[in-house]
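Taken in sequence, the protein lines are chains A and B.
In terms of this note's numbering, the first sequence opens at residue 66 and continues consecutively.
In terms of this note's numbering, the second sequence opens at residue 16 and continues consecutively.
The set of hints was computed from the structure by calculation and includes no laboratory data.
The reader is advised that the hints may include incorrect statements.
[What the hints assert, rightly or not] Now the stretches of chain A that chain B is said to cover, found in silico as 3 or more residues with beta-carbon under 8 Å:
| hint | stretch |
| --- | --- |
| 1 | 491-498 |
| 2 | 503-510 |
| 3 | 520-529 |
[Claimed, not checked] List time: in silico DSBU-like cross-link candidates among lysine-lysine, alpha-carbon distance up to 35 Å:
| hint | chain 1 | residue 1 | chain 2 | residue 2 |
| --- | --- | --- | --- | --- |
| 4 | A | Lys521 | B | Lys141 |
| 5 | A | Lys265 | A | Lys213 |
| 6 | A | Lys537 | B | Lys138 |
[Unchecked claim] Chain A is nowhere near these chain B residues, computed Cβ spacing over 12 Å in every case:
| hint | residue |
| --- | --- |
| 7 | His208 |
| 8 | Ile240 |
| 9 | Lys261 |
Just so we're clear, the structure is a prediction, and the values are computed from it rather than from any experiment.
All C-beta atoms in this analysis are idealised placements derived from N, C-alpha and C, irrespective of residue type, glycine included.
Below are the chains, spelled out letter by letter.
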Amino acid sequence: MESNPKENIIEEVTSKDYEFGFVTDIETDFVPKGLNEDIIRLISKKKEEPEWLLEFRLKAFRHWLTLKQPNWGHLDLPEIDYQDIIYYAAPRKRQEKQSLDEVDPELLATFDKLGISLDEQKKLSGVAVDAVMDSTSVKTTFQETLSKHGVIFMSFSEAVKQHPDLVRKYLGKVVPYTDNFFAALNSAVFSDGSFCYIPKGVHCPLELSTYFRINAANTGQFERTLIVADEGAYVSYMEGCTAPMRDENQLHAAIVEIIAETDAEVKYSTVQNWYPGDKEGKGGVYNLVTKRGLCRGDRSKISWTQVETGSAITWKYPGCVLMGDNSIGEFYSVAVTNNYQQADTGTKMIHLGKNTRSTIISKGISAGHSQNSYRGLVRVAPKAINSRNYSQCDSLLMGDQCGAHTWPYVQCGNESSILEHEATTSKISEDQLFYCQQRGIPTEKAIGLIVNGYAKDVLNRLPMEFAVEAQKLLSITLEGSVG
Amino acid sequence: MLLNIKNLHVSVAGKEILKGLNLGVNEGEIHAIMGPNGTGKSTLAAAITGREGYEITEGEIWYKGKNIVGMSPEDRANEGIFLSFQYPVEIPGVSIQNFMRTAVNSKREYLGLPALSTIEFMKMMKEKQAMVEITEKLQNRFVNVGYSGGEKKKNEIFQMAMLEPSLAILDETDSGLDIDALRIVANGVNQLHNKDNSFVVITHYQRLLDYIVPDFVHVMYDGRIVKSGGKHLAIELEEKGYEWIKDMNL
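Put together the whole structure using the sequences plus the hints.
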């Protein structure tokens, strides 16, 4: 057998180290390990929550007890010992964190290291950030600017205190706690997250952004994001995530709910870069997330854009329920898996209103020994006449040890609607690679170039600030994996 | 001597294609390589540029005083070796502008020079694409995606102009070109040619050599150069056909 130099390149380059794997030494407030009603009461009490929210949590918990961890994904998801997880960890506060001076400097340094400056003076204009470390929101920037426009953007816990009626009105309306196993779990133990409300007719003047960071060991992160765009409102929202390198797996089970009222538009972008585990597949984050948007009003629009490069296991299907007539749902995704990563991700587009439209562009990239699956559902209800869906699912393979799979489910309930599905599978060809090399472009750079070109349709949808980060991330994750 | 190939043997998938080829190219010279299909012309181009899968079992390739056997393809490129591909490859989603900028700056990095600024780069693009009569629209199109045969070849010569190689190998650049495109491509090559750089023009037909006039013509057969001569050799070959070479060789 002659050795295959291509294999070496794959190995070399896909074995690039995770950049964000540091741990911050910070005093942390934990609740004891394990999960029962007492723990939930304790979390609720620590957060000084109203009775109705505790009730919500307990109902969710009792329902969760009746459920089993789902196993229908094309994933090798181990049985998780839910009693071996800490459900609440928060950087210990030094009193109230009203001003930046009172935030632990270690925390600020952590976010600085991640390229997220929480100092408003230093920040490039245009993005307001809510930084969430472990279970707690650390700091939300640009509060004043936003409140001038009536935009509410704060940590979920803060919102429960300041705007209980709004939170109560919308919480669990898009993703009820009965939705699935992980949604029930999140509803029982969620710790923090972001809340965002854009009032009628307001075009949110800043990009809003939440940055999630898992730091503490043995801790699950269960955040909850709720975004409401009232009639005619517009907001662009970005989410970023990283975690330290740890040998054990960490659980991340989040919920994102979006509601768009009549003529409202929400753009939700994610660059997910949780720790993916090491080259042998040890450690890494289990990213088991429920994200859904409800286009409740006529002509409303919700758009999901995601770049998924991290996590040992990803299980998520950001979807849209198109309830309003003429409403629009979009899903643009680049999912990259390398080494032993597994991803089962896609979207659900549920057409209920008339003349509703949805677009799905999914670009999967698999390298190493990874498994990358697209799973999507497009359902057109009988009453959703004249609806349209266009789906395009492309897979790019690097090397011959990985897998790419596509499971598109389509249900059309009337005869006036049109659904289209296109799928391709390709490899980075030796020809492409040599062509680049012959122009003096080194292998690693060439891979980055080709992959970014392949994902261009999706990357172009990201807000500027994110697009650059995402491009770099793609190159770092995949440079050199040739097939 | 810019390029000196000595007794080159190259195998592809265990089969010997080049069987002891010798070729010397001085600075400023244009050499044409002709010969029937399957005699190893493209293999020679692949071996000089360092393409994977072309195993050099014997012999040496000296370029600018270095034996480059074993050097990576990108290093060879950055040392000034350029190949105009017979079949330029499509790279979807990558604009020619982005592609060329990456290439030019990779070379500059290799040579220890700072990257070009956007303005400098755009100026350079504009100059060079005028040379091959490329309209500016091309620069935002993806590399070779949806190009006509002529556009692909013009784009190759444009890239050559951008990278200013010392040694340019044109592999069947004339194939699939109409007479206008052929003229434009040849014109581009002639503008780039000077006393310091050299061209190796691989072609099947004499036609291209009416436009790019070679100093030497070599005829390849069965993995070797079997006859070398001046420009007239190409014409003789055209008249007598390749059977002449085969008969001569037997």
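- Honestly, which of those hints from before does the structure not fit? Of the numbered hints, all hold.
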